[in-house]
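2 protein chains.
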Amino acid sequence: MRYELYYWPEIQGRGEFIRLTLEEAGADYRDVARQGGGGMSILGDKTILHPPFAPPVLKAGRLVIAQTANILMYLGTRHGLAPKNEAGKLWANQLQLTISDFLVEIHDTHHPIASSLYYEDQIGEAKRRSKLFLKERAPKFLNYFENAIARNGGKHLAGSKLTYPDLSLFQIVAGLHYAFPRAMASLEKKLPRVVKLRDEISKRPRVAAYLASKRRIPFNRSGIFRHYPELDA
Amino acid sequence: MRYELYYWPEIQGRGEFIRLTLEEAGADYRDVARQGGGGMSILGDKTILHPPFAPPVLKAGRLVIAQTANILMYLGTRHGLAPKNEAGKLWANQLQLTISDFLVEIHDTHHPIASSLYYEDQIGEAKRRSKLFLKERAPKFLNYFENAIARNGGKHLAGSKLTYPDLSLFQIVAGLHYAFPRAMASLEKKLPRVVKLRDEISKRPRVAAYLASKRRIPFNRSGIFRHYPELDA
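Sequence order for the protein chains is P and U. Mapping of the first sequence onto our numbering: position 213 corresponds to residue 213, and the numbering continues sequentially without gaps. Mapping of the second sequence onto our numbering: position 203 corresponds to residue 203, and the numbering continues sequentially without gaps.
No lab work stands behind these hints, which were simulated from the structure alone. Just so it is clear, CB atoms sit at the ideal spot from N, CA and C, and this is done for glycine as well. A few of these clues could be false.
What the hints assert, rightly or not - Below, simulated DSS-like cross-link-like pairs (lysine-lysine); rule was C-alpha separation at most 27 angstroms, straight line: (1) Lys131/U x Lys131/P; (2) Lys84/P x Lys59/U; (3) Lys214/U x Lys140/U; (4) Lys196/U x Lys89/P; (5) Lys89/P x Lys161/U; (6) Lys131/U x Lys84/P; (7) Lys84/U x Lys84/P; (8) Lys140/U x Lys46/P; (9) Lys59/U x Lys89/P; (10) Lys46/U x Lys140/P.
What the hints assert, rightly or not - Among the chain U residues that face chain P by a calculated CB cut under 10 angstroms, a handful are: (11) Ile42; (12) Lys46; (13) Ala54; (14) Ile71; (15) Leu95; (16) Gln96; (17) Phe133; (18) Glu230.
Required output: the full structure, derived from the provided sequences and hints.
Written out as structure tokens, the structure reads:
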């Protein structure tokens, strides 16, 4: 089956968590808005029984699935990138939902008032929020994942193999490095397992090929992870 | 099996979505921090293989499950409050995750800068965020759920019976009424299906008994839904 992924073509955003899993799975997919033919018209399609609130959206045969963690649960199970037993599946989903929560907080560092306003119209608030985010929230989330890897044997987040939350954690760490290089240089010193997992994932053949390809959109100031030096530590 | 729910004892918060589903299911559960004996010590328990990042946490036999949508997926499936086929299960989860996104935005109307600060230390930002939330975001989310009910036949969000996202939507609407009575009086006029679903759920025998009991913590200014007249329309 050839999947169709619908996501904004100019940014990594939430779509990147799906792209990474599709790439590591070696799945056949079309990144519709980037490859032409339909764009994002799926968002206004009134014939869809289960309408998406927002992208990313994955078409898998007759299924139309939205919400990042939901899509990843579906793909992970189908492509051997999720634990097989019930406790493991629930744990992988739990981790992914915590990553989703973290991602909202990362986004809101530069848009604490509204996504509909320009960054330039909320810089003061963004500085205030970012300072507390880097002091309190980023360490709390990152230490949580470091500890979760430790309890799970030191190499992965769930079970003995790579699963989709590992790929998502890779993306979170890569994005934080882009957005907050000074803060991350300091935070990383206390995250040996997270850093090791990030490095190992970046060297996996399919992930490495993807990251070196044009399919990987560079980080930029339209995405969720944005580098504004005035918001960094 | 007797469940154990761990959540802050003074507020409805995210725990309320779990409580409503447990009550409608007629499940045997202990609201641990409210009924004494252990409080919230589970959050620091280093023996848990799959540690929670934050409450709510549900103990179900040997399983320890966190993240609201994850717990609800588990409970919904076990207690006949979730669709039975794969497409329906994914849709219920997708709806619940959209409700989770909405809830974060509702919370951030009064805490746009940081949860660690008092409301009084971010009133200016809260006013700015709330104004745009009530103008743009609340109508967008609520119209989405209105439309989702319409596409699903007009009575429920998923399938032909009550499911856990219906109960969560009930809680969202009840909370918004408490927090933003003026704005909701206006918004509701265009949400006939959402209002009808809310009314019908409030009359279900188990839900009605729960809402009239002392188990239902009143809305208050420590929870996610907070009534500050200066933030309302």
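- Given the hinted pair Lys84/P and Lys59/U, is their alpha-carbon gap at most 27 angstroms? Within the cut-off at roughly 20 angstroms; holds.
(Q) Does Gln96/U hold up as a contact with chain P if the rule is Cβ-Cβ below 10 angstroms? (A) Holds: closest Cβ of chain P sits about 9 angstroms from Gln96/U, inside 10 angstroms.
Given hint Lys46/P paired with Lys140/U - CA-CA distance at most 27 angstroms:
holds (16 angstroms)
| Has the given pair, Lys131/U with Lys84/P, been kept, meaning a C-alpha gap of at most 27 angstroms? | At roughly 46 angstroms apart (the allowed maximum being 27 angstroms), Lys84/P and Lys131/U break the hint.
For this session: Measure nothing beyond the straight line between the CA atoms of Lys46/U and Lys140/P; if it is 27 angstroms or shorter, mark the hint as holding.
Result: holds (16 angstroms)
With chain P as the partner, please determine if Lys46/U meets the hint condition of a C-beta pair closer than 10 angstroms. Because about 8 angstroms separates Lys46/U from the closest Cβ in chain P, which is inside the 10 angstroms limit, the hint holds.
Discussion item. Checking hints one by one. Is Glu230/U an interface residue toward chain P, by the C-beta closer than 10 angstroms rule?
Written reply: violated (16 angstroms)
Is Lys196/U within 27 angstroms of Lys89/P, Cα to Cα? violated (35 angstroms)
Q | 27 angstroms limit on alpha-carbon distance, applied to hinted pair Lys84/U and Lys84/P | A | With Cα atoms ~19 angstroms apart, Lys84/U and Lys84/P stay inside 27 angstroms; holds.
Given hint Ala54/U near chain P, where the shortest CB pair must fall under 10 angstroms = Holds: closest Cβ of chain P sits about 8 angstroms from Ala54/U, inside 10 angstroms.
| Straight-line Cα separation of Lys214/U and Lys140/U no greater than 27 angstroms? | Violated, because 34 angstroms separates the two Cα atoms, which is more than 27 angstroms.
Could you check if Leu95/U really has its C-beta closer than 10 angstroms to a C-beta on chain P? holds (9 angstroms)
Hint check: violations occur at hints 3, 4, 6, 11 and 18; the rest are consistent with the structure.
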